[in-house]
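**Student:** Read off the chains here:
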Amino acid sequence: MKCSKARSLFSAYLDKDLTFEEQGRLEEHLCGCSDCAAELGGMTRVQSLLHGLTPIEVGEDFCERVQRRVREAQDRPETLPGWDRGVREAWRWWQRQVWLRPALGAALGLVAGVLVGVNAPQLAGRSPVTTSVAAPIVAVSASAPTSGTSAPAAAPHASPFSGIDLSNLAALSDSARLNAVPEYVLEPYVTDPQRGLVPATGAYGRTVGADWDDQNDAYVTF
Amino acid sequence: MDPEQERSRVGLVDLPDEDLMERIVEGNEAAFALLVRRYQAKVTNLVYRFIYDRDRAMEIAQEVFLRVFLHRKRYRRSGRFSTWIYTIAVNLAKNEIRRRSRLRGVTSLDGLLEATGDSSAFLEDATPGPDRTAQQHRVEEAVMTAIHRLPAKYREVILLRDIQQLTYEEIEQVLSIPGGTVRSRINRARAVLKRMLEPVVERRRTS
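Residue numbers (the numbering used here), protein chains in the order written: chain A, 1405 to 1626; chain B, 465 to 671.
These aren't lab readings, by the way, just hints derived from the structure by calculation.
Errors might be hidden in some of the hints.
Stated by the list, open to error - Facing chain A, according to a computed beta carbon distance under 10 Å, are these residues of chain B, among others:
#: 1; residue: L476
#: 2; residue: V477
#: 3; residue: D481
#: 4; residue: A497
#: 5; residue: R501
#: 6; residue: N509
#: 7; residue: T547
#: 8; residue: A598
#: 9; residue: R602
#: 10; residue: A610
#: 11; residue: H612
#: 12; residue: R613
#: 13; residue: Q629
#: 14; residue: E634
#: 15; residue: S640
#: 16; residue: I641
What the hints assert, rightly or not - Straight-line C-alpha distance at most 27 Å; calculated BS3-like pairs for lysine-lysine:
#: 17; chain 1: A; residue 1: K1420; chain 2: A; residue 2: K1406
#: 18; chain 1: B; residue 1: K558; chain 2: B; residue 2: K537
#: 19; chain 1: B; residue 1: K558; chain 2: B; residue 2: K617
#: 20; chain 1: B; residue 1: K506; chain 2: B; residue 2: K558
#: 21; chain 1: B; residue 1: K537; chain 2: A; residue 2: K1409
#: 22; chain 1: A; residue 1: K1409; chain 2: A; residue 2: K1420
#: 23; chain 1: B; residue 1: K558; chain 2: A; residue 2: K1409
#: 24; chain 1: B; residue 1: K537; chain 2: A; residue 2: K1420
#: 25; chain 1: B; residue 1: K506; chain 2: B; residue 2: K617
Said to hold, decoys possible - From the derived model, a few chain B residues whose C-beta atoms are all more than 12 Å from chain A:
#: 26; residue: L479
#: 27; residue: E527
#: 28; residue: R654
Just so it is clear, the structure is predicted and the values come from calculations on it, not from any experiment.
By construction, the Cβ of each residue, glycine as well, lies at the ideal position given by its N, Cα and C atoms.
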């Protein structure tokens, strides 16, 4: 065995990782080669030095420190999974926006003020739905009851307002019907004498409103 | 610790690491505390040998356990827990070494070797304890400095093999390198370390 081959086996020899045959050949070489024997002796002593290093002591509170860090980490957004992390990160970003928050608040207030100002005349001029209609838009069937809770079977669509013949309304064109409808009946909710506030769902596919018809003493939808 | 926790802890003591990890995934805090106590000294010393900074080693060791907990669901039972936690520890230690521009508190190796004197007492009685002499401490410092002078690829294998006493197969898994590479690096690392510490080992030889 050459010295180079022998030295490549030193580490495995120290770790008892050689086959019986390899070990025998190496020991045979060491008996006749003082340089390799000295080299192996030096490596053995280095290994002893490494094994003899004093371990550092870990403090008694090590485990408690770890557990504290775990608790802290669980409260940090970056350790949270999924959408929760995104929400918390967004909230943390928002909290950092010292100047943006009052500015955005002021902008929202301005927009709200403008909207209220624009709609104020309409709100002031709006009549209650019980106000009489200048001209009835829909002819109420003479046979229909003036009050009731169930729609006639012949009605093309279910309506919250029973006993009303809507066939005439269906005959009108959209533009004619919309032109005929006063502004106030475009409210999404109307007051039904029997049912209180109800959605102004229309009867023939497109709802525009409903009102009380004083002349016919009936409730009509448009 | 209340009686309920104490009963829970006693039932866990005999479990292998891998079973403890299953309990931790289920939310058992006592299992996690037990696992920390099992590995706190090993992990802290491994990191300390890597970075040679006691305080920082403590912090990094805590970080290792923190990551074990946070990534507990990623652990796969097919591998040993010890290799998993050592992998985390080695990676964090390497990151720390990369982060540092230079090693702190390390003096000249030649100066340390000159100061070690006769190391025979250290070599013959390597038992750790408070009665170790100042000369023995100097030898340890020289050894640690020599370890840190090793190239990283040799340092990591020598620490895992000769300090942590991992098998070759475990080192393969921790470092994700082939077994032949592990063997050749360990052999090379020991030879280089022996040359660096020649004055210490030669004094021992001639004394």
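**Student:** Hints first: check each against the structure and report whether it holds.
**Tutor:** Verification of the supplied hints:
| no. | hint | verdict |
| --- | --- | --- |
| 1 | L476 | violated, 14 Å |
| 2 | V477 | violated, 15 Å |
| 3 | D481 | violated, 16 Å |
| 4 | A497 | holds, 6 Å |
| 5 | R501 | holds, 6 Å |
| 6 | N509 | holds, 5 Å |
| 7 | T547 | violated, 18 Å |
| 8 | A598 | violated, 13 Å |
| 9 | R602 | violated, 12 Å |
| 10 | A610 | holds, 9 Å |
| 11 | H612 | violated, 13 Å |
| 12 | R613 | violated, 13 Å |
| 13 | Q629 | holds, 9 Å |
| 14 | E634 | violated, 13 Å |
| 15 | S640 | violated, 20 Å |
| 16 | I641 | violated, 15 Å |
| 17 | A/K1420 / A/K1406 | holds, 20 Å |
| 18 | B/K558 / B/K537 | holds, 24 Å |
| 19 | B/K558 / B/K617 | holds, 10 Å |
| 20 | B/K506 / B/K558 | holds, 17 Å |
| 21 | B/K537 / A/K1409 | violated, 46 Å |
| 22 | A/K1409 / A/K1420 | holds, 17 Å |
| 23 | B/K558 / A/K1409 | violated, 32 Å |
| 24 | B/K537 / A/K1420 | violated, 37 Å |
| 25 | B/K506 / B/K617 | holds, 20 Å |
| 26 | L479 | holds, 17 Å |
| 27 | E527 | violated, 8 Å |
| 28 | R654 | violated, 5 Å |
Checked against the numbered hints above, the structure violates hints 1, 2, 3, 7, 8, 9, 11, 12, 14, 15, 16, 21, 23, 24, 27, 28; every other hint is satisfied.
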